[in-house]
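The listed protein sequences correspond, in order, to chains R and L. Here the numbering used here is used: position 117 in the first sequence is 100, and no number is missing along the way. Here the numbering used here is used: position 380 in the second sequence is 363, and no number is missing along the way.
These aren't lab readings, by the way, just hints derived from the structure by calculation. Treat the hints with caution; some may be incorrect.
One copy or two, either will do: identical chains are not told apart, so a pair holds if it fits within one copy or between any two.
Stated by the list, open to error - Below are the DSS-like pairs computed for lysine-lysine, each with C-alpha atoms no more than 27 Å apart in a straight line:
id, residue 1, residue 2
1, Lys301, Lys241
2, Lys316, Lys5
3, Lys212, Lys5
4, Lys97, Lys227
5, Lys304, Lys230
6, Lys241, Lys316
7, Lys230, Lys316
Values in this document were obtained by computation on a predicted structure and should not be read as measured data.
Number of protein chains: 2
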Amino acid sequence: MLDIFFNPKSIAVFGASRSLDKPGRVLLRNLIHGEFGGEVYPVNPNIKELDGLRVYTAKNVPKSDLGIFVIPADKVSGALDEAGPRLKSALILSGGFGESGRTDLDAALLKVAKKHNIRIFGPNCLGLMNTHKNLNVTFLPASRLPTPPIGDVSILSQSGATIASVLDWAGEVKLGISKVASYGNQLDVSDYEILDYFMKDKETKVIGFYVEGLKDGKELIRVARAGKKPVIVLKAGKTSAGIKAAKSHTGALAGNYKVFEGVVTQLGWGMAQGPEEFLLALKARSIWKKKVHRVGIITCGGGFGVMASDGVEALDMKIAKLSEETVSGLSEKFPERVSVANPIDLTGDATPEMFAISMEALIKDDEVDGIIVVILMQLPRLNSEIVDVLQGFAEEDKPIVIVSPPGAYASGINSLFDKLPLVSSPEKAAAVLSVLE
Amino acid sequence: MLDIFFNPKSIAVFGASRSLDKPGRVLLRNLIHGEFGGEVYPVNPNIKELDGLRVYTAKNVPKSDLGIFVIPADKVSGALDEAGPRLKSALILSGGFGESGRTDLDAALLKVAKKHNIRIFGPNCLGLMNTHKNLNVTFLPASRLPTPPIGDVSILSQSGATIASVLDWAGEVKLGISKVASYGNQLDVSDYEILDYFMKDKETKVIGFYVEGLKDGKELIRVARAGKKPVIVLKAGKTSAGIKAAKSHTGALAGNYKVFEGVVTQLGWGMAQGPEEFLLALKARSIWKKKVHRVGIITCGGGFGVMASDGVEALDMKIAKLSEETVSGLSEKFPERVSVANPIDLTGDATPEMFAISMEALIKDDEVDGIIVVILMQLPRLNSEIVDVLQGFAEEDKPIVIVSPPGAYASGINSLFDKLPLVSSPEKAAAVLSVLE
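Bound-form chain R, shown alone:
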């Protein structure tokens, strides 16, 4: 049972150090400053006190749900053996095991873990997060990687640096996160076990999965079938060049991408083409359940409407044929210069109210599954009211993606969108909708 890793009530930090820049100390301070509610026991035989806490040795550390090891690889199994009787689980962040050719250290670690009946997470990983419990056990300073906002999306990733960057980015796009697992070498706890845990976790609604290769594809498929939550995949190692690079990175046998793609399609998972699409598709999926085939587009710039249309068709979706009611209703309300086809082009005189009217019509129109809205904040009659207007539709049951390119005035407005996914480019909006399998 992996719950002990994500919901520990007490944590021992092996490798807590005097130096503020050492990973063990950074992790300790992330726990303390992140207001983790449980007990924290720093472990270091050479220190008595750190950050106002008593420091223990491996031999006298109190009983702990989770032991975190940030000490040199060749010291890990010794320390685990000493503290073993008082630990329920172990997260090994240190690298220098099998991935560096030291399979002897892997064997020693597994032996000690078995002796004390302890599950091992890692080694060679970034760590874990559970935002609902103020749990941030990673060794990157919070100034570099703040804990992302609380939410219901959980992400698993073999790669530590990738997940660090993706989580940082998640904060920028206001993606609410529940749990994070960087699982590294999978010496014991495996990708499919974590996926299974997320599938059963009540605080997880949507799952994000960064994949280079899989430990056991069959187990993964079994677990994915049993659980039924939506999963969005970001796959690295799609081409022969990428597969070669992945092999050198995590030793992953990235295998045949087409086979992997087939499995993903079979499971009904979404497949993102890059990290931004991954994050925004997760955000959209955490808001809406629907799959999108027929897209409605509202724009105030014709060119961006054209590019959005290109994106929709290129990704095998369709420009919705608006219902007669929508067309006649909007034609009555709007001046002649407004093109009430799809895209609806409100032109350069567009106002927030015109967007509101158009949105209402598309939300009602049964011919439309999802909506792309292009706002160009250079236009003089648009202002920050557009944010409230559009976010007012976030609760409706149709996926919406906002397109608003960055700019001197625009970027400030863009940063106000917290409830809707926002992209800079029209073709990206189509990409986000297309991932919502």
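Using the hints provided, position chain L relative to the given structure of chain R.
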């Protein structure tokens, strides 16, 4: 000769108004506050003075190189006829001509223009810019669309809203702009004439072209062949859905995209897939002349290196096989954990110095045409020094694209990169390099 439009010494503004939010007044103030060095004559029969300037009527306005018309469509040819003897050229921003079915107004306008031997730019367009002359004749307030930084990239676009958004974005990515032409309906001055002008303009090194459809493909090809400057195209209307939308937007016959693509390839132009790629490829092309086939990748996160490799291969470029000298040189300098293949993976302990050493090696290596550098600012040993280190290589003759995703700490650092193109995602870096035909 179009030079009179881009280098006028005196400008008459027809439609200068008391209301601060009227387009004519906005344009007048853009000229005044933008410190345009020439004479400016506001024209409005009902006002005596505006912004400290004497206001004229169409009949008594002084001799002007350029007359700008921001008055209702049905009043334009009358005003032009009255002022005609004292105008050398006319820029018509007003819409409501042929694009709204009023071909009678087109005919009247052309007749008056011919009578006074005046070239017409527009109508139905955003206007012009020449940053080298502090010339910003557009009707969007500078608070919404600041004049972009001075540089040597000139952009032409039929669509006004698209170019407004692209120019605003250009400021965000620090793309230096020389001249901008939003040409609208092309009643007289045509896309290929503007292209020809940019081809011959000494302050233009690289040309950006937003295209929905062409006025005269043959003329364009002739002009493009004669001039020899690099051109990057952003084409909207690639799919049947996009072509339909383009037709409704600018009335452009977007035609067969494959045919257009063939022409572009034949001309050796680069083709961007979206506005961001367009801007960054223009930036890269304005710095470096080289085409990139064999790519070197430096990363501090394996996963992002894998994704960059995927991007390179997917876009028909190659992961460079590094020279033996590079490999042995770097292997000597770096600890064992650093993977000195391509991608060079400096791992999570990467320092700015390690990036400097790797960059020097790839710049020297004849097997490498261009470089993708991934920096993940979550890593504790990276700091703002990385900006100086990497920008130190901007003067070398190999294209470089930085990948740095946004983040709490990262975004501040990212904004410091003014000399190198920077993207958020690895696959986008490959895309920018691939556009450098």
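My question is about Lys241 and Lys316: at a cut-off of 27 Å on alpha-carbon distance, are they close within one copy, between copies, both, or neither?
For Lys241 and Lys316, neither the intra-copy (49 Å) nor the inter-copy (39 Å) Cα distance is at most 27 Å.
Treating 27 Å as the Cα threshold, decide for Lys97 and Lys227: within, between, both or neither.
neither (34 Å within a copy, 66 Å between copies)
Please work out whether the CA atoms of Lys301 and Lys241 approach to 27 Å or closer within one copy, between two copies, in both situations, or in neither?
Both: 25 Å inside a chain and 20 Å across chains, each within 27 Å.
Between Lys212 and Lys5, at a C-alpha cutoff of 27 Å, which is it: within one copy, between copies, both, or neither?
Classified as neither; 38 Å inside a copy, 53 Å across copies.
How would you label the pair Lys230, Lys316 (within, between, both, or neither) given a Cα cut-off of 27 Å?
between (59 Å within a copy, 23 Å between copies)
For Lys316 vs Lys5, is the C-alpha pair at or below 27 Å within one copy, between two copies, both, or neither?
Only across copies: Lys316 and Lys5 sit 24 Å apart there, 64 Å inside one copy, limit 27 Å.
Since the copies are identical, ignore which copy is meant and state whether Lys304 and Lys230 lie within 27 Å (CA to CA) inside a copy, between copies, both or neither.
Cα proximity of Lys304 and Lys230: across copies only (16 Å, versus 47 Å in one copy).
Going down the numbered hints, you'll see the structure goes against 3, 4, 6, while the others check out.
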